[in-house]
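*Asks:* For reference, the chains in residue letters:
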Amino acid sequence: MRFAVLQFPASNCDQDCVHAVRVLGHSAELLWHKETSLGSADAVIVPGGFSYGDYLRCGAIARFSPVMQAVKRFADEGGLVLGICNGFQILCEAGLLPGALVRNRDLQFHCEQIYLRTDNFSTPFTSRTPRDKAIKLPIAHGEGCYFADPATLASIQAKGQVLWRYCDASGAVTDAANPNGSLLNIAGVANERFNVAGLMPHPDRASEALLGTDDGRSIFESMVDALQQRTAAKAA
Amino acid sequence: MKAKIVITPKKAVLDPQGKTVQTALEHMGYTGVAGVHVGKYIEIDLAPGTDKAAAATALDEAARKFLSNPVIEDYKLEIVD
Numbered sequence: 001m002r003f004a005v006l007q008f009p010a011s012n013c014d015q016d017c018v019h020a021v022r023v024l025g026h027s028a029e030l031l032w033h034k035e036t037s038l039g040s041a042d043a044v045i046v047p048g049g050f051s052y053g054d055y056l057r058c059g060a061i062a063r064f065s066p067v068m069q070a071v072k073r074f075a076d077e078g079g080l081v082l083g084i085c086n087g088f089q090i091l092c093e094a095g096l097l098p099g100a101l102v103r104n105r106d107l108q109f110h111c112e113q114i115y116l117r118t119d120n121f122s123t124p125f126t127s128r129t130p131r132d133k134a135i136k137l138p139i140a141h142g143e144g145c146y147f148a149d150p151a152t153l154a155s156i157q158a159k160g161q162v163l164w165r166y167c168d169a170s171g172a173v174t175d176a177a178n179p180n181g182s183l184l185n186i187a188g189v190a191n192e193r194f195n196v197a198g199l200m201p202h203p204d205r206a207s208e209a210l211l212g213t214d215d216g217r218s219i220f221e222s223m224v225d226a227l228q229q230r231t232a233a234k235a236a
Numbered sequence: 001m002k003a004k005i006v007i008t009p010k011k012a013v014l015d016p017q018g019k020t021v022q023t024a025l026e027h028m029g030y031t032g033v034a035g036v037h038v039g040k041y042i043e044i045d046l047a048p049g050t051d052k053a054a055a056a057t058a059l060d061e062a063a064r065k066f067l068s069n070p071v072i073e074d075y076k077l078e079i080v081d
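Sequence order for the protein chains is A and B. Counting with the numbering used here, you get residues 1 to 236 for the letters of the first sequence. Counting with the numbering used here, you get residues 1 to 81 for the letters of the second sequence.
Be careful, since some hints might not be right.
[Claimed, not checked] Label-pair restraints from in silico Cβ distances:
hint: 1; chain 1: B; residue 1: E61; chain 2: A; residue 2: D175; range: 21 to 29 Å
hint: 2; chain 1: A; residue 1: G95; chain 2: B; residue 2: K40; range: 16 to 24 Å
hint: 3; chain 1: A; residue 1: R105; chain 2: B; residue 2: L46; range: 33 to 41 Å
hint: 4; chain 1: B; residue 1: T50; chain 2: A; residue 2: E29; range: 37 to 45 Å
hint: 5; chain 1: B; residue 1: G39; chain 2: A; residue 2: R131; range: 22 to 30 Å
hint: 6; chain 1: B; residue 1: K40; chain 2: A; residue 2: A172; range: 51 to 59 Å
hint: 7; chain 1: A; residue 1: P9; chain 2: B; residue 2: T57; range: 44 to 52 Å
Hints were generated in silico from the structure; no laboratory data involved. A virtual CB, placed ideally from N, CA and C, is assigned to each residue, including glycine.
Turn these sequences into a full structure, and let the hints guide you.
*Replies:* This is the structure in structure tokens:
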């Protein structure tokens, strides 16, 4: 499968994403923010970093870049899009995902390992995630506090769009395990069609055991599975 | 002519920055502070001869679509001579 990894000025996890895809045996190409086409990409990853210096708001300027117009069209047509960290912020700013990310409640930049509970396993981003344990991933952000108004929160919960929540090692969703003050401990969400998802933690930095945890792999493997199923369905 | 745009966090959004400033004010001895909200101020210089009404309409759209995020922020737009 061919993944396009977007590259904005001050993206800094683009190479990590490319690596995470390649260790799975799939191809990943960097796509500069001025590109207007995604080419023949099967899926898109919007990587972490500080696109456009995080000026105005995180992701606010990136969402208007030429490549993001192509990503919107791709998402509208059902293409798989995953946003990680700053990529999640960009997808929220673009209106492709519900809610917004604001300053961490303690005003600190958090760089640590956290645990995630997966709330919905029936999505192209979570189907391969182990059912029996919390996954361990790193976070590195100052503005990862998830916010949405009460109506949006109720709606995304009811529809199963909350994919990941911060929890402790045993899988319990507690306030102590919430690193940034996110409402309902939300670490990542999907859109209503479940073809676009974003999360603050970094599966890209956790795709090999050598890095301390390879729990992030399952998210990319889930996407590959979903793409292969689509290809098989098209061929049939 | 100038456009002045004040952007503030919505009341429902956690504003740890405002809270921290409030605590600091209290520690400094300033009494009677019931709440602090830290936002942004953007000033846009308008080219000479710009139509005020048209500028107000265009900048209101820009404030809604780009300068603020309606999920988390409110804004006030003012155009002054």
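*Asks:* If a hint holds in the structure, say so; if it does not, say that too.
*Replies:* Quick rundown of the hints versus the structure:
With their beta carbons about 40 Å apart, E61/B and D175/A fall outside the hinted range of 21 to 29 Å. G95/A and K40/B have their C-beta atoms about 21 Å apart, which keeps the hinted 16 to 24 Å range intact. In this structure the hint that R105/A and L46/B lie 33 to 41 Å apart at CB holds, the actual value being about 38 Å. Between T50/B and E29/A, the C-beta spacing of about 44 Å keeps the proposed range 37 to 45 Å intact.
Range check, G39/B to R131/A: about 44 Å between beta-carbon atoms, so the 22 to 30 Å window is missed. One distance hint, 51 to 59 Å for the beta-carbon pair K40/B and A172/A, is violated here, with the actual separation near 38 Å. A hinted range of 44 to 52 Å for the beta carbons of P9/A and T57/B is inconsistent with their spacing of about 31 Å.
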